[in-house]
Amino acid sequence: MKISRRTALKATLGSALAALPLPYVANAAGTDWSKLRGQTIVINWPSHPHFDIAKKLIPEFTAATGIKVELDEMQYLRMKDAQVLQMSKPQGDYDVIVYVIMWKTEYVQRNFLTELAPLFANEALAMKDYNKDDIITAYLEGLGLVGGPRGYLPGPGAKLYGIPYGAECSVLAYRKDIFAKHNLAPPKTYDDMLAAARKVKEKEPGMGGLTQRAQAGHQVTAGWLMHLTPYDGLVIDDKFEPRVSDPAAIKATEVYKEFIDTGPAGAASFDFGQCINSFLQGQSAMYCDSISIFGPARDPAKSKVTETTGYVVHPKAVKYSGELGGFGLAIPKNSARRDAAFAFMQWITAAQQDVRVTAQGGQPTRWSTLDHPDVKKIYPVDIYRECLKIANPDWRPIINEWTEISEKVLGIRLSEIITGKTPIKPAMDSAAAEIRTIMTRAGYYKT
Amino acid sequence: MPDLANHERADDTVRIATVAALAVVSILPILVMLSTSLKTQSQIFSGSFSFFMMPTFENYRNVLEGRFLGYLGNSIIVSVVATVLTLVFGTMCAYAISRFRFAGRSPIAMSTLLVRTIPPAVLAIPVYFILTPLHLDGLAGLTISYIALNLPFTIWLLYGFIEQVPTELEEAATVDGCGPYRLFFTLILPLLKPGLAAAAIFTFRIAWNELVLASILTNRTSRTLPYGVYLFITDVGIDWGQLMAAGMLVALPPLIFTFVAARQIITGLTAGAVKG
Amino acid sequence: MQLGSGLDRRLTPYVFAAPAVLIMLFGLLYPVIEAFRLSFYEVRLGEPVTAQAFRGFAIFAEALSDSSVRKSMAVTLQFSIIVVAIEMFLGVGLALILEKPLRGMMVFRTLLVLPMMIAPICVGLIWRYMFDVNVGPINSWLSVFALKPAWLAESGLAFFAICVTDIWQFTPFVFILALAGLQGIDQSSVEAAKMDGASTLQIIRYVKLPLLAPILMITILMRVIDALRGLEVVYAMTNGGPGLSTELFSLHIYKSAFVTQRMGHSAALSICLLIVTTALSALLLMWSNPLRQKGR
Chain B
782 MKISRRTALK ATLGSALAAL PLPYVANAAG TDWSKLRGQT IVINWPSHPH
832 FDIAKKLIPE FTAATGIKVE LDEMQYLRMK DAQVLQMSKP QGDYDVIVYV
882 IMWKTEYVQR NFLTELAPLF ANEALAMKDY NKDDIITAYL EGLGLVGGPR
932 GYLPGPGAKL YGIPYGAECS VLAYRKDIFA KHNLAPPKTY DDMLAAARKV
982 KEKEPGMGGL TQRAQAGHQV TAGWLMHLTP YDGLVIDDKF EPRVSDPAAI
1032 KATEVYKEFI DTGPAGAASF DFGQCINSFL QGQSAMYCDS ISIFGPARDP
1082 AKSKVTETTG YVVHPKAVKY SGELGGFGLA IPKNSARRDA AFAFMQWITA
1132 AQQDVRVTAQ GGQPTRWSTL DHPDVKKIYP VDIYRECLKI ANPDWRPIIN
1182 EWTEISEKVL GIRLSEIITG KTPIKPAMDS AAAEIRTIMT RAGYYKT
Chain D
651 MPDLANHERA DDTVRIATVA ALAVVSILPI LVMLSTSLKT QSQIFSGSFS
701 FFMMPTFENY RNVLEGRFLG YLGNSIIVSV VATVLTLVFG TMCAYAISRF
751 RFAGRSPIAM STLLVRTIPP AVLAIPVYFI LTPLHLDGLA GLTISYIALN
801 LPFTIWLLYG FIEQVPTELE EAATVDGCGP YRLFFTLILP LLKPGLAAAA
851 IFTFRIAWNE LVLASILTNR TSRTLPYGVY LFITDVGIDW GQLMAAGMLV
901 ALPPLIFTFV AARQIITGLT AGAVKG
Chain V
73 MQLGSGLDRR LTPYVFAAPA VLIMLFGLLY PVIEAFRLSF YEVRLGEPVT
123 AQAFRGFAIF AEALSDSSVR KSMAVTLQFS IIVVAIEMFL GVGLALILEK
173 PLRGMMVFRT LLVLPMMIAP ICVGLIWRYM FDVNVGPINS WLSVFALKPA
223 WLAESGLAFF AICVTDIWQF TPFVFILALA GLQGIDQSSV EAAKMDGAST
273 LQIIRYVKLP LLAPILMITI LMRVIDALRG LEVVYAMTNG GPGLSTELFS
323 LHIYKSAFVT QRMGHSAALS ICLLIVTTAL SALLLMWSNP LRQKGR
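Residue numbers (this note's numbering), protein chains in the order written: chain B, 782 to 1228; chain D, 651 to 926; chain V, 73 to 368.
Treat the hints as calculated values from the structure; they're not laboratory data. There's no promise every hint is true.
Here are the simulated DSBU-like cross-link-like pairs (lysine-lysine), alpha carbons at most 30 Å apart as the crow flies [said to hold, decoys possible]:
(1) B/1114 x B/957
(2) V/143 x B/982
(3) B/957 x V/220
(4) V/220 x B/984
(5) B/1202 x V/220
(6) B/1170 x B/957
(7) B/1158 x B/1097
(8) V/143 x B/1032
(9) B/962 x V/220
(10) B/1038 x V/143
(11) V/220 x B/1085
(12) B/1020 x B/1206
(13) D/843 x V/172
(14) B/1202 x V/143
(15) B/1097 x B/1085
(16) B/1038 x V/220
(17) B/1158 x B/957
(18) B/980 x V/220
(19) B/1206 x B/1227
(20) B/1206 x V/143
Per label pair, the in silico range of CB-to-CB distance [what the hints assert, rightly or not]:
(21) D/840 x V/358: 34 to 40 Å
(22) V/86 x D/784: 21 to 27 Å
(23) V/105 x D/751: 25 to 31 Å
Treat the numbers as computed from the prediction; the structure is a model and nothing was measured. Where is the CB? At the ideal position from N, CA and C, for every residue including glycine.
With the hints as extra help, turn the sequences into a complete structure.
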């Protein structure tokens, strides 16, 4: 029985697997997962390139474990509403949620998530050779840990509530052909980037310099954050005082605004999709955002720049500081099928599945995946490792109030700035005052 | 009088031209949606828009692979039940207000006039707080909310129609020994057909299309179509083809409904059935 | 059925009114009272409403001093006045022009009704695509003039875009009601005016419009309220941006319920919206109360 399943599985997995050790399902059979057979878990799952690829593996999980999986797919920024509504009930719909990094602290503080350490300690549930240390450190800490310093950083008090999956850091993509045409070197610094953006805007009709996110709300904040920490700016400091109108933050905002002004047409309202498409469709010469561009940039169906895209590390302004973000998997406290949910979380993030998803254009979760020859063939692995080195866990303050600060304060003020309605300094002063109001209400300044 | 005839003909030409122009303005965006839903992604991103393409149903196939059929079923159930009950209850209430003088008539009438201004965004949060503990979140609670939301408008729309039905008819029927309920269902209701049809359109439209309450009250199994489409608006490169295909699927039933019912409604309206 | 007893007859109106009244009590009034209650508490979604969370009017005060709230109110007012005025003008004008039966009229009228039948979320999607800076048909057509406005990225243009969308969608609503009103006009007064040699414009001005007035008032009322209630179209088109330039108040309430999950704050805002809409409708009711009109 065991053998036949393994054989059958091997047959379906194809050549990508040939070089790998035995399928992990073998281990699954060795644990007590058999008790979970027949259960159906429901997962709140984002419509996102990485998860579109990962989704294809799920039938194999069901075949191997007998656990059925039902996906509730939606656009990723819609997920929070649905998750909060479900997790607020005595018993919710979801057994696994895919969450965005910035929700983690809020979810844990509201007592929505299951702590994972006890589950990993449970020998009947834990996969025998699930190597947690192999998970890319910055990702595991950045996405999984809550309760440490400042509430979201690794350190004393931090506990594991989630496993990174579809995590990402930032990279700079540029058009090799356009840069060569105008004698521009691949940008190493922000000055290089700005010079290139100006040159492209001036010399290439219909093309913008840097494409970035700018839609009012979450997106514009994310676009701005790309530049904030490289200029050594902060949203809030260690005393939780707002610092968005400090000189460093103002400088970063000026740079962000200039990139909008020298950017593609309509740049001031781009969401992430429009941002990345502008580069893929050849309307922008640079892209400085998530490494999730690696997959689509190689895909001729989505990209006109398959042959002309080059990558460098997110440039330095005052310092190197890259994004650390993306998704993680967690189990809601009110899930009725916690064990099966945990089985799924381990299986999908196990080394073998990770390689296969990455080899098809997904985003790697594990160090070992980056070493795999199939992945090296298609991924700029060396650049990726460099990007990971500068990924900053304090890229944004993932405090409880972050969504409100991001969407209602910065998301509005920055949008006003880039559309030219308000000068930078007064707008950021207002933003700082508004952040302080929120922090005061939340009780951060009590002595 | 040839002059007058000429004048009238010129008049007609102007009106036909007006109508044609308006019709084009009205349906052009819908045709844009239709044609986009039949295009491939590379056609859509080619930069210049055209109505012509080699139609592909790929987008529709992709959309229907998901849960859309289930959402469709939910939407049909909620909209039909809400429409039927709204019409029945609304007409009855309008009839009571129009034809009877009873204690509480004025408060009912006035408060109905006032509550029809309640925005769904106001209801969303309290409704979640009220219905979740009662386990009425889901289709039942959604239907109740839609009936409540639609009743005020329906009552006042039909009140207007009932007021135009001469009371002599009812008086004669009452003299003939017809009770108030039979009178209502056999005499009044048929006379209200145009009004009912119009009310049905508006009620159905709101129930079918509503998003705010649906987003709060439904889960993956009870979700209705508009929320389904809403969840389709992806951030990672708007897939306009798929999104428009999903939009078409949501828009199609009301569009068909309009084509089927419009004749009846417009005939009803133009036939002067409203007149007393 | 036989004529009932005296009691029966007195019960009749209550039997007729009861189902509608009960549903409205449960589905409208109760939630509004609950919203009032919630607006005094600092609670988050799913948390129990406890005495410790009671803040009284503090939440109202804080909400009303919020600059984004006031900005959103201003946007909403501007939006409602502009779109309703234009829709009334177009809708009534259309009804007057197209009142008389015309060959093929049925099809035309059906086509005019279509925009309002489609889900607002679809309307938002369609027009987001229409106005899309890169792939949208409008810019594709404008490229003839070498124009490429970033419709949804600039405050003024985005506001214009949502107005266009609303006018496109809801002019037929005004048209239908106005047409229904025109059909209800006693033709003899129109004929009499014609006999007296009145021009078409005079007939419209002195005969038809006065007779239409009640239904026009109701139409305006419905449209203003709808404009204040709507949020889906804008949500799909601009999500309120850029900045707050298209953040209609309903959208603001809905977004803040999820963004901050502070139910009291959101409830307080929704009570404010409710007061505005109710005041507006009360004002218009003084003009045109269906209870006080007999026939048309």
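Evaluated hints:
{"no.": "1", "hint": "B/1114 x B/957", "result": "violated, 49 Å"}
{"no.": "2", "hint": "V/143 x B/982", "result": "violated, 34 Å"}
{"no.": "3", "hint": "B/957 x V/220", "result": "holds, 27 Å"}
{"no.": "4", "hint": "V/220 x B/984", "result": "holds, 18 Å"}
{"no.": "5", "hint": "B/1202 x V/220", "result": "holds, 20 Å"}
{"no.": "6", "hint": "B/1170 x B/957", "result": "holds, 24 Å"}
{"no.": "7", "hint": "B/1158 x B/1097", "result": "holds, 28 Å"}
{"no.": "8", "hint": "V/143 x B/1032", "result": "holds, 27 Å"}
{"no.": "9", "hint": "B/962 x V/220", "result": "holds, 26 Å"}
{"no.": "10", "hint": "B/1038 x V/143", "result": "holds, 23 Å"}
{"no.": "11", "hint": "V/220 x B/1085", "result": "holds, 22 Å"}
{"no.": "12", "hint": "B/1020 x B/1206", "result": "holds, 22 Å"}
{"no.": "13", "hint": "D/843 x V/172", "result": "holds, 22 Å"}
{"no.": "14", "hint": "B/1202 x V/143", "result": "holds, 14 Å"}
{"no.": "15", "hint": "B/1097 x B/1085", "result": "holds, 28 Å"}
{"no.": "16", "hint": "B/1038 x V/220", "result": "holds, 20 Å"}
{"no.": "17", "hint": "B/1158 x B/957", "result": "holds, 20 Å"}
{"no.": "18", "hint": "B/980 x V/220", "result": "holds, 21 Å"}
{"no.": "19", "hint": "B/1206 x B/1227", "result": "holds, 28 Å"}
{"no.": "20", "hint": "B/1206 x V/143", "result": "holds, 20 Å"}
{"no.": "21", "hint": "D/840 x V/358: 34 to 40 Å", "result": "holds, 35 Å"}
{"no.": "22", "hint": "V/86 x D/784: 21 to 27 Å", "result": "holds, 26 Å"}
{"no.": "23", "hint": "V/105 x D/751: 25 to 31 Å", "result": "holds, 29 Å"}
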